[in-house]
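Chain A is already provided as a structure; the job is to place chains B and C on it using the hints.
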Amino acid sequence: MKVFEKPQALTDAVLHYCPGCTHGIIHRLVAEALDELGVTGRAIGVAPVGCSVFAYNYFNCDMVQAAHGRAPAVATGVKRSDANNIVFTYQGDGDLAAIGTAETVHAAARGENITVIFVNNAIYGMTGGQMAPTTLPGQVTQTSPYGRDVSKVGYPVKVCEMLSEVDGAAYLERVAVNNVKNVKAAKAAIKKAFQNQIEGKGFSLIEVLSTCPTNWGKTPIDALKWLDENMLPYYPLGVYKDKTQNAE
Amino acid sequence: MSEKVLMKGNEALAEAAIMAGCKHYFGYPITPQTEVAAYMSKRLPKIEGGVFLQAESEIAAINMVIGVSSTGKRVMTSSSSPGIALKSEGLSYLAGCDLPALIVNVQRGGPGLGGIQPSQSDYFHATRGAGHGDFHMIVLAPSSVQEMVNLTFKGFDLGDKYRMPTMILADGTMGQMMEPVSLDLGEVTKYDKPWALTGTNGERKPNIVNSLFLKPEELEQFNFDRYKRYAEIEKNEVMYEEYKMEDAEYCIVAFGVAARVSQNAIDEARKNGIKVGMIRPITLWPFPKEVLNKAADKVKAFISVELSMGQMIEDVELSIRCKKPVLLCNRTGGMIPTTKNVLDSINEAVNYGGAK
Amino acid sequence: MAKVTFDESLCKGCGLCTSVCPKKIVVLKDELNAKGYHPAGITDQSACIGCAFCATMCPDCVITVEK
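Protein chains in written order, with the working numbering: chain A, 1 to 248; chain B, 1001 to 1356; chain C, 2001 to 2067.
The following block holds chain A by itself, in its conformation from the complex (with noise of 0.2 Å):
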C-alpha cells in the first residue's frame, strides 16, 4: 500500500523552483488538502507575482494569475461569483505584506470566505534577493548590503500578529516546513484553513515560514538551519487568532 505519493490536485509539471527551495513542499501541502477535502474539482487559485507566479501550471485546478498584491482583491471577485468556489491565493512576502499590505488587510477585514497561503522567505527571490517586508534585522541582502538596518528602512512586517487586531480575520496561524514535525503541523493548519472555508466560517490565513537556499547564499540544509536559528526566534509559531470555535 503506498502510504506515500504525489498528490492528485498537482500537475505533472516540473517545478522550476531552484534545489531545496522548500516552496515545493508548501505547494504538496496545499495539493493534499484539497485532495483529502475532496474539493479539487471546484477549487479556483490564484497565482501571484514572484517566485510562485507558475503555480498555475502546477495545480490541477482553475487558475487565475493576479498582479503583483492583488491576489486577495482577486480572490474575492472569484469568491463573490460564486460561493460554491473553493478559492485560495498562493502569495510571498513581497506581494502580500509590501505591495499588496491593503489587499490583504481588507479581505481579512471583510471576512472574506477564502484561503490565503502566505509564504514568508524574508527576501525577494524571483528578482534576485532584494529586502522584503519581512526580511530579518540586520539580515544582508541585494538591496541591504550592510544588513538591514531599521533606525533607516524600518522593522519587518509580522503579518500574523497585525492581522489578529482585524475583527474579520477567522484563522491565523504560523507554520515552518524546516523539519517533518514542522511540516506535518503545517499541512494540518492548511487542511483546518481550507475546511473553515468548506464551512463558510471566514477568512484564513496560514503563514509559512520557507527557506531561500539559493538567495540566502547557502545550502538546503544549512537553509534549513537558518530558518530554525534566525526566524523562528521573530516570528514565533502558533495559532494567532481562532474565531473559528466559537463560530456556528
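Hints may contain errors.
As the list claims (entries may be wrong) - Taking CB as the label site, the calculated pair distances span: (1) B:E1048 to A:L37: 23 to 31 Å; (2) C:L2032 to A:I198: 40 to 48 Å; (3) A:I198 to B:G1333: 51 to 59 Å.
Stated by the list, open to error - According to the in silico footprint, chain B covers these stretches of chain A (three or more CB under 8 Å from chain B): (4) 29–43; (5) 49–59; (6) 62–69.
In case anyone wonders, no lab produced these hints; they're calculated from the structure. Cβ coordinates follow ideal geometry from the N, Cα and C atoms, glycine included.
Leaving out everything else, chains B and C in the frame of chain A:
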C-alpha cells in the same frame, strides 16, 4: 413598450448594466460618478446572485472585477479620472488575460486631483494609454442619457464578443444630467465561455487565466493574434452619427457634451448661411477614420470641439492625413465650450487662409 | 516490508531527504541524472521502516513510499 422614464445619466447607466445581465459591481466613491455605486448598492442586493461591494481602493475594485470576469460572469466598475488612473494596472491585465468587463469613466478635469467639473481630458488615456503594453479597449462615448443606456448594454455585448474590456467614456455632464429614457433594450446575447474558471469538477483539464509569457516569441504571437481581433473590430464596430453633413463645407468633430453644444452652434451658423455639419464619433476606439477621410474630400476645414487641451484632434488629423486644416475649439479644467465659442471657431474656419 | 522509490529524473539533489532519514540510508548518489544533479537514492532497502520522513521533506515529489 417604449414608455420613457426620467433618469439621471449615472443611474440610467447602472440600470442598463443590470438589464444587460451584470450582477456584480465593485467600486470606490469618487465625484462625479458616485451615483452609479449608490444605485448599484440599492439594486443589486435585491437581485438573486447580485453582489455590490465597495472596495478598499480603485485598484482592489478592478482586481475584483478581474476575479468575477475570470469566472465568466458579466461585471463592471465605474470611477472618474483620478480613480481610472489607479485602475490602469487592472485594465492592462484584463486585456492581457482576454477578459471582458465594463469600465465606466465619468470624466472630471485633471491633471492631478484636478477638479470635479466635466472634462474629456482622459481621451488619450482611454484610446492610447490605458495601461502598460500593447492593447486597446473598445471606447464608447455617449452624448445623451439614452446613449448612456444603449451603449452600456452594447458595451457588455462587445466585451463578451471580443473578450476584452470596454470603456464608457462619459463626461461629468452625461453622468449628472436627467433626460427621459427608454429602457426597452431587447434580449441579452449569451456567449459561450469555455475558458471560464468554473472548477474542473474532475471532468476537464484546468482552465488558466493568465497574461504571463516568458518566451518572447509566444508573447509576440499572442499580441499578433489579439491585434487581428482588433482589426476585425475596426472593420465591424465603428459607430458615429452625422449631423447636416449632406452639403457641409465645414465639419465639426465632437463627442459627448461637446457634440450637443456643437449641434446648437451648427443650427445658429446655418441661419447665417454657413454650411457646417458634424461627425460625432460614438466609438472613440475604433475611431471613425474612414468617414472622416471621405469627408475631407468634400469639406474645406475641420473643427475639433473638445473639453481638453486638444486630444481627439490628433485622431482627426491622422484620419484625414492632414489633407485639410483642423482647428481646435476647446475649453478645459471643467469648463464647457459655449455655443459662442463654437460659433467663433466656425467663423475662424470660414476665414481660414484669408479666403472663403 | 517498506519500500521507497525515487523518481531520479525529478530530483534536484538538494539533499533535504538525506538529512531526516532516521536510518541514514538515504544518500545522494555519485552519478548524475539528466538534469545534472546527484539524485537521491537508498543504500539499503531492507532497512527502510517506511516512515516517509524523506518524502515529507522532498520539495519535488520525487519519493513514493509503500508499506
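Status of each hint after checking the structure:
1. B:E1048 to A:L37: 23 to 31 Å: holds, 28 Å
2. C:L2032 to A:I198: 40 to 48 Å: holds, 45 Å
3. A:I198 to B:G1333: 51 to 59 Å: Given about 54 Å between the Cβ atoms, the range holds.
4. 29–43: Per the Cβ count (4), the hint holds.
5. 49–59: With 4 residues in contact (Cβ-Cβ under 8 Å with chain B), the coverage given for the stretch 49–59 of chain A holds.
6. 62–69: holds (count 6)
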